[in-house]
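K.L.:
Sequence:
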Amino acid sequence: MVFEFKTVEELKEKIEAKDLALSMEIYKQIYKAFYSKVKRKKVTAFVAKVGSHDVIDFILERNQWSTSLKTCMDVFANNDLFEECIEIQKMLKEL
265 MVFEFKTVEE LKEKIEAKDL ALSMEIYKQI YKAFYSKVKR KKVTAFVAKV GSHDVIDFIL
325 ERNQWSTSLK TCMDVFANND LFEECIEIQK MLKEL
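265 is the number of the first residue of the sequence shown in the working numbering; add one for each residue after it.
Derived from the structure by calculation, the hints contain no laboratory data.
Fair warning: there could be bad hints in the mix.
The calculated lysine to aspartate or glutamate pairs, modelled on EDC-like cross-linking and capped at a C-alpha distance of 16 Å, are [said to hold, decoys possible]:
#1 K296 to E325
#2 K334 to D283
#3 K306 to D321
#4 K306 to E325
#5 K354 to D338
#6 K282 to D344
#7 K296 to E358
#8 K313 to E289
#9 K334 to E347
#10 K276 to D318
#11 K270 to D318
#12 K313 to E268
#13 K313 to E274
#14 K276 to D321
#15 K278 to E289
#16 K334 to E358
#17 K303 to E325
#18 K334 to E280
#19 K296 to E351
#20 K303 to E358
#21 K334 to E289
#22 K305 to E358
#23 K292 to E351
#24 K278 to E268
Using the sequences provided together with the hints, build the complete structure.
P.N.:
This is the structure in structure tokens:
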């Protein structure tokens, strides 16, 4: 999924605010990679388009997945998305 932002500052604000949509996309991409038959070492967490032409791929190495999932779990807990929190806990135990 490509997220569009007018400026880099807007993108930074969304990341720092732990935006729900970004967190959900990060979770989905790690989930797909985690349960893939091929053991993946990295994942494109999300793609950001800034302005009219700059495209940035946010890539997470496998050693970053745990921290990212914990952050996603905090965001999901604050938004009452408890099924996703349970799934993240299962994934964290195996990472």
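K.L.:
So which of the earlier hints does this model not fit?
P.N.:
none
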